[in-house]
Amino acid sequence: MHASEIRSRFLQFFEQNGHAVRPSASLVPGDDPTVLFVNAGMVPFKRIFLGQDRPEFGLRYTTSQKCVRAGGKHNDLEQVGHTARHQTFFEMLGNFSFGDYFKRDAITFAWKFVTEELKLDPKLLRVSVFHEDQEARDLWKEIAGLPDSRIYGLGARDNFWQMAETGPCGPCSEIFVDVAHIAKDWAFPAGA
Numbered sequence: 001m002h003a004s005e006i007r008s009r010f011l012q013f014f015e016q017n018g019h020a021v022r023p024s025a026s027l028v029p030g031d032d033p034t035v036l037f038v039n040a041g042m043v044p045f046k047r048i049f050l051g052q053d054r055p056e057f058g059l060r061y062t063t064s065q066k067c068v069r070a071g072g073k074h075n076d077l078e079q080v081g082h083t084a085r086h087q088t089f090f091e092m093l094g095n096f097s098f099g100d101y102f103k104r105d106a107i108t109f110a111w112k113f114v115t116e117e118l119k120l121d122p123k124l125l126r127v128s129v130f131h132e133d134q135e136a137r138d139l140w141k142e143i144a145g146l147p148d149s150r151i152y153g154l155g156a157r158d159n160f161w162q163m164a165e166t167g168p169c170g171p172c173s174e175i176f177v178d179v180a181h182i183a184k185d186w187a188f189p190a191g192a
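Just so we're aligned, residue 1 is where the sequence shown starts under the numbering used here, counting upward by one.
Some clues are possibly wrong.
DSBU-like cross-link-like pairs, simulated, lysine-lysine; straight-line CA separation at most 30 Å [said to hold, decoys possible]:
#, residue 1, residue 2
1, LYS46, LYS103
2, LYS141, LYS103
3, LYS141, LYS119
4, LYS112, LYS46
5, LYS103, LYS119
6, LYS123, LYS103
7, LYS141, LYS112
8, LYS123, LYS141
9, LYS103, LYS66
10, LYS112, LYS66
11, LYS66, LYS119
12, LYS46, LYS66
13, LYS123, LYS112
Ranges between beta-carbon positions, derived for each pair [unchecked claim]:
#, residue 1, residue 2, range
14, LEU27, PRO122, 30 to 38 Å
15, PRO147, LEU27, 37 to 45 Å
16, GLY58, SER149, 34 to 42 Å
17, GLN12, GLY81, 32 to 40 Å
Derived by calculation from the structure, the hints in this document are not laboratory data.
Each residue gets a CB set at the ideal place from its N, CA and C atoms; glycine is no exception.
Let's have the full structure, built from the sequences with the hints guiding it.
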């Protein structure tokens with residue numbers, strides 16, 4: 001499956017689930033002097049997260065945001081060429097709820113997208129949660145049927161989102177494919 005198909009399916013899936021599809025914002029944010037480039041999908045919505053603006057198109061958004069990570073907190077520049085997953089430019093797929101839904105629905109949407117829409121084998125999927133977030137761990141067990149052995153509690157560096165030193169922040173989850181079972185058919189650069 002090509003990236004363009006994943007992008008299209010993602011946006012369609014969330015649109016069908018009540019999210020307004022928003023275009024990618026400019027890589028150079030015109031109204032945010034705190035970042036040189038947009039480095040995450042939430043950057044165009046910072047003013048909403050901070051309570052300075054109200055959402056214009058409902059309480060649910062979905063985007064495929066063009067991002068550059070070449071400095072600052074989210075600097076991937078030194079990893080480019082050393083791993084198969086770090087790039088300076090990428091598109092971040094995102095779904096955002098501004099007070100409409102929370103963890104249960106976010107986890108349900110994520111699981112349905114990867115297992116039903118992308119048809120990834122659930123047996124190959126693993127998730128990470130912030131190690132202090134028992135609620136997310138319990139929801140992954142309930143919604144996805146995952147055992148504890150496939151739920152990894154990680155620290156703040158990996159599973160705690162924050163916009164800056166102060167302000168909006170919180171625990172997050174990520175879904176991973178266990179490629180050890182299928183990697184024999186793949187070629188990875190050294191250090192991947």
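To see whether the hints hold, each was checked on the structure:
| no. | hint | verdict |
| --- | --- | --- |
| 1 | LYS46 to LYS103 | holds (20 Å) |
| 2 | LYS141 to LYS103 | holds (13 Å) |
| 3 | LYS141 to LYS119 | holds (19 Å) |
| 4 | LYS112 to LYS46 | holds (27 Å) |
| 5 | LYS103 to LYS119 | holds (22 Å) |
| 6 | LYS123 to LYS103 | holds (22 Å) |
| 7 | LYS141 to LYS112 | holds (14 Å) |
| 8 | LYS123 to LYS141 | holds (13 Å) |
| 9 | LYS103 to LYS66 | holds (25 Å) |
| 10 | LYS112 to LYS66 | holds (24 Å) |
| 11 | LYS66 to LYS119 | holds (25 Å) |
| 12 | LYS46 to LYS66 | holds (16 Å) |
| 13 | LYS123 to LYS112 | holds (14 Å) |
| 14 | LEU27 to PRO122: 30 to 38 Å | holds (35 Å) |
| 15 | PRO147 to LEU27: 37 to 45 Å | holds (41 Å) |
| 16 | GLY58 to SER149: 34 to 42 Å | holds (39 Å) |
| 17 | GLN12 to GLY81: 32 to 40 Å | holds (34 Å) |
Checked against the numbered hints above, the structure violates none of them.
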